[in-house]
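J.: Position 90 of the sequence shown, counted from 1, bears residue number 90 in this note's numbering, the numbering being contiguous throughout.
Any given hint might turn out to be false.
As the list claims (entries may be wrong) - Computed cross-link-like contacts, DSS-like style, restricted to lysine-lysine with a CA-CA straight-line distance of at most 30 Å: (1) K240 / K221; (2) K35 / K96; (3) K233 / K89; (4) K233 / K31; (5) K233 / K298; (6) K31 / K96; (7) K224 / K298; (8) K221 / K35; (9) K298 / K35; (10) K224 / K94; (11) K233 / K221; (12) K233 / K94.
What the hints assert, rightly or not - Taking CB as the label site, the calculated pair distances span: (13) I157 / A291: 38 to 46 Å; (14) L259 / I157: 30 to 38 Å; (15) N294 / Y86: 24 to 32 Å; (16) L290 / D93: 22 to 30 Å; (17) R260 / Y86: 23 to 31 Å; (18) D241 / N92: 32 to 40 Å.
Since the hints were made in silico from the structure, they are not lab data. Source: prediction; values computed, not measured. Don't be surprised by glycine CBs; every beta carbon is placed ideally from N, CA and C.
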Amino acid sequence: MKPNKAQTKSITKDTKRQGRPGRLPLSDSAKITRKITAITLCVGLILATGKWYIYSESNSVGILSSLVHSTLDLLGSASSFLAVRYAAKPPNDKFKFGHGKAESFSAVFQVCLIILGAFHLFEAIIDRVSNPHTLIQGDVAIIIMITLTLITFCLLILQTRAVQSTGSIAVRGDRAHYLADLFANIFVIVGIALSSFTILIWADAAVGGLMAIWLLWTAFKIAKLAWAQLMDKELTSSEKDLIRQLALEDNQVIAVHDLRTRASGPHIHIQMRLDLDDKISLSGTHDIVLAAENRMMKAFQAADILIYPHPVSCEHKHGNRHFNNTLPKN
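Work the whole structure out from these sequences, hints included.
T.: Spelled out as structure tokens, the structure:
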């Protein structure tokens with residue numbers, strides 16, 4: 001059944017497609033990711049400096065946990081700052097598929113930093129539980145932490161918009177860092193208040209423990225995203241359905257087979273076979289394929305598309321059967 005053009009157009013502009021790679025032209029995507037990573041790097045420096053000052057004054061293990069988190073955020077932001085610029089470089093003779101996976105390697109680096117920081121926190125927590133003490137200057141620490149939390153919240157708004165526009169895994173990794181940092185700040189503020197103004201002096205260490213667990217969970221989520229791109233995982237089912245609908249919008253396209261997709265940073269790669277009538281000329285086939293590419297490029301403006309036209313009456317299967325599960329098994 002051929003898709004309705006109005007339906008295809010609405011799907012192309014569907015807000016549910018926000019946050020997925022390939023939606024914007026590469027130049028626009030690169031401009032957004034460069035800007036947001038520069039902002040993130042500056043904010044990360046402010047947060048780390050502010051929390052270092054608070055920890056030096058209060059000696060709070062909760063603040064220490066947040067400081068470690070912010071320091072890792074800063075290192076991760078520096079990694080993303082470099083990765084998105086390298087990923088935006090055009091293909092060359094050595095890397096003809098581009099450099100998009102640099103973003104995934106940046107995410108892997110962030111995961112390693114997060115895990116390291118989490119275990120450092122567990123060590124500090126054990127020491128604090130063994131030697132509990134009342135915090136000093138808790139009120140000053142709370143005021144500064146609230147200010148830093150508001151700054152983090154504003155950064156998250158900007159990062160969310162960037163991810164929705166570009167689908168960048170590096171920016172998504174950064175956002176995961178700072179989202180965790182936002183909740184960490186809230187828990188730390190509660191922990192400081194309880195330790196400073198109540199008899200619950202163990203609350204500070206408890207908050208630190210929760211933050212260490214949160215760090216490990218954040219690492220798992222970022223690793224999952226990076227793994228998907230590094231292992232060339234297919235795009236989502238909804239994205240692939242849209243690709244098929246766009247290809248079949250031309251009545252001369254009989255069927256779509258052997259669809260393969262993958263993401264690489266801000267880019268996506270699409271391969272497929274189109275079944276066409278045997279009687280169509282080579283020139284006519286070229287026009288059909290070109291029109292199909294143009295339809296897909298409207299929805300996936302950072303896509304690299306390879307379409308193989310195939311006569312519908314031909315039963316010969318192409319390619320290595322190891323990579324094509326439509327080939328007959330002997």
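J.: Now tell me, hint by hint, if it's right for this structure.
T.: Hints versus structure:
Only pairs whose Cα atoms come within 30 Å are accepted, and K240 paired with K221 is accepted, the gap being roughly 23 Å. Proposed proximity of K35 and K96 is supported: the alpha carbons are some 26 Å apart, at most 30 Å. This hinted pair checks out: K233 and K89 have alpha carbons roughly 22 Å apart, not beyond 30 Å. Between K233 and K31, the direct Cα distance comes to roughly 26 Å. Compliance with the 30 Å bound is thereby established for this hinted pair.
For the hint pairing K233 with K298, the CA-to-CA distance comes to about 23 Å; that is within 30 Å, so the pair holds. Distance hint between K31 and K96 is fulfilled; the C-alpha atoms sit about 22 Å from each other, no more than 30 Å. With a CA separation close to 29 Å, the supplied pair K224 and K298 stays within the 30 Å bound. Proposed proximity of K221 and K35 is supported: the alpha carbons are some 24 Å apart, at most 30 Å.
A C-alpha spacing of about 24 Å is found between K298 and K35, which places the hinted pair at or below 30 Å, so the restraint holds. Using a Cα cut-off of 30 Å, the hinted pair K224 and K94 holds, with the two alpha carbons roughly 28 Å apart. This hinted pair checks out: K233 and K221 have alpha carbons roughly 16 Å apart, not beyond 30 Å. A C-alpha spacing of about 23 Å is found between K233 and K94, which places the hinted pair at or below 30 Å, so the restraint holds.
The hint said 38 to 46 Å for the Cβ distance between I157 and A291, and at roughly 40 Å that hint holds. Between L259 and I157 the beta carbons are some 36 Å apart, a value that agrees with the proposed interval 30 to 38 Å. For N294 and Y86, the hinted distance range of 24 to 32 Å is satisfied, since their beta carbons lie about 30 Å from each other. The supplied range of 22 to 30 Å is met by L290 and D93, whose beta-carbon atoms lie about 26 Å from each other.
Restraint check, R260 to Y86: a C-beta distance of roughly 25 Å satisfies the suggested window 23 to 31 Å. As the Cβ distance of D241 to N92 is approximately 34 Å, the hint placing it in 32 to 40 Å holds.
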